[in-house]
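As you go down the protein sequences, you meet chains A and B in turn.
Numbers 1 to 125, taken from my numbering, label the letters of the first sequence in order.
Numbers 1 to 125, taken from my numbering, label the letters of the second sequence in order.
Read the hints as simulated data drawn from the structure, not as lab findings.
Take the hints with a grain of salt, since some may be wrong.
To be verified - Taking lysine-lysine pairs in the DSSO-like style, the calculated list, with each CA pair at most 27 Å apart, reads:
id : chain 1 : residue 1 : chain 2 : residue 2
1  : A       : Lys-69    : A       : Lys-88
2  : B       : Lys-57    : A       : Lys-119
3  : A       : Lys-34    : B       : Lys-119
4  : B       : Lys-34    : B       : Lys-69
5  : B       : Lys-57    : B       : Lys-42
6  : B       : Lys-88    : B       : Lys-57
7  : A       : Lys-34    : A       : Lys-69
8  : B       : Lys-119   : B       : Lys-88
9  : A       : Lys-57    : A       : Lys-69
10 : A       : Lys-88    : B       : Lys-119
11 : A       : Lys-119   : B       : Lys-119
12 : A       : Lys-119   : A       : Lys-88
Said to hold, decoys possible - Which residues of chain A face chain B? A partial, calculated answer using Cβ under 7 Å:
id : residue
13 : Leu-13
14 : Thr-27
15 : Ser-28
16 : Phe-38
17 : Asp-40
18 : Leu-44
19 : Cys-45
20 : Gln-99
21 : Val-100
Backbone N, C-alpha and C define an ideal beta-carbon position, used for all residues, glycine too.
Number of protein chains: 2
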Amino acid sequence: MTRKAAPFAYEGLDRVIHERARLSVLTSLVSHPKGLSFVDLKELCALTDGNLSRHLKVLEEARLVEIVKGREGNRPQTLCRLTNSGRKRFLEYLTTLEQVVRDAATAVETRNAAEHRGKLASAQS
Amino acid sequence: MTRKAAPFAYEGLDRVIHERARLSVLTSLVSHPKGLSFVDLKELCALTDGNLSRHLKVLEEARLVEIVKGREGNRPQTLCRLTNSGRKRFLEYLTTLEQVVRDAATAVETRNAAEHRGKLASAQS
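Bound conformation, chain A alone (with noise of 0.2 Å):
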């Protein structure tokens, strides 16, 4: 389906990548390339355990996200950080997500600018 033919239709929108509690950990990994902790992930998105390692079994799945050993300091450390790929694909998605905000930032606007235009009109009339 082309834009044109659906231009609402949003493809990219990857829903691995959109449900919300993933996009909120793929922002937060995108943020830090060094890869996060299990914790901090926890705490950057507001997510409990259980939800937190539902979704990042459905990243891992999806080859979006891996879980690899790290250090801080001396001492060893499970970092979940974005694979090369889920980089890629995340991006991609960005692309779409942006041309949602673009096209309904356009609408608003139109809509103003009519508004603002009726106004005046009846000021003057």
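Given chain A's structure and the hints, the job is docking chain B onto it.
Then chain B, alone, in the frame of chain A:
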């Protein structure tokens, strides 16, 4: 939860609005303030009859969308359009969506700038 405590929680991403098909429908409707027929909406969003009906029902129950009687030339026509409160809630949702796009874009730019500095440093050494 404040944005400072959980900066990636994005609590403003109302689940009724955020679901992909409903986001399509709402963006179509905000772009067509006079309303859209079921057939036009279906085509603009590339949805099946069943899917569109199901999602419109959710949006109507949440009082985001209303079904009104309009006219297409001489012919009576049923139109879907945003309610006033639906428009308001959709605009609030958009504020958070813009924040997601901005956070992700900042992360991507920061990383690109760091990579660029890295390449310059290795070219100079």
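Against the earlier hints, flag every one the structure doesn't satisfy and list their numbers going up. 2, 8, 11, 12, 16, 17 and 20
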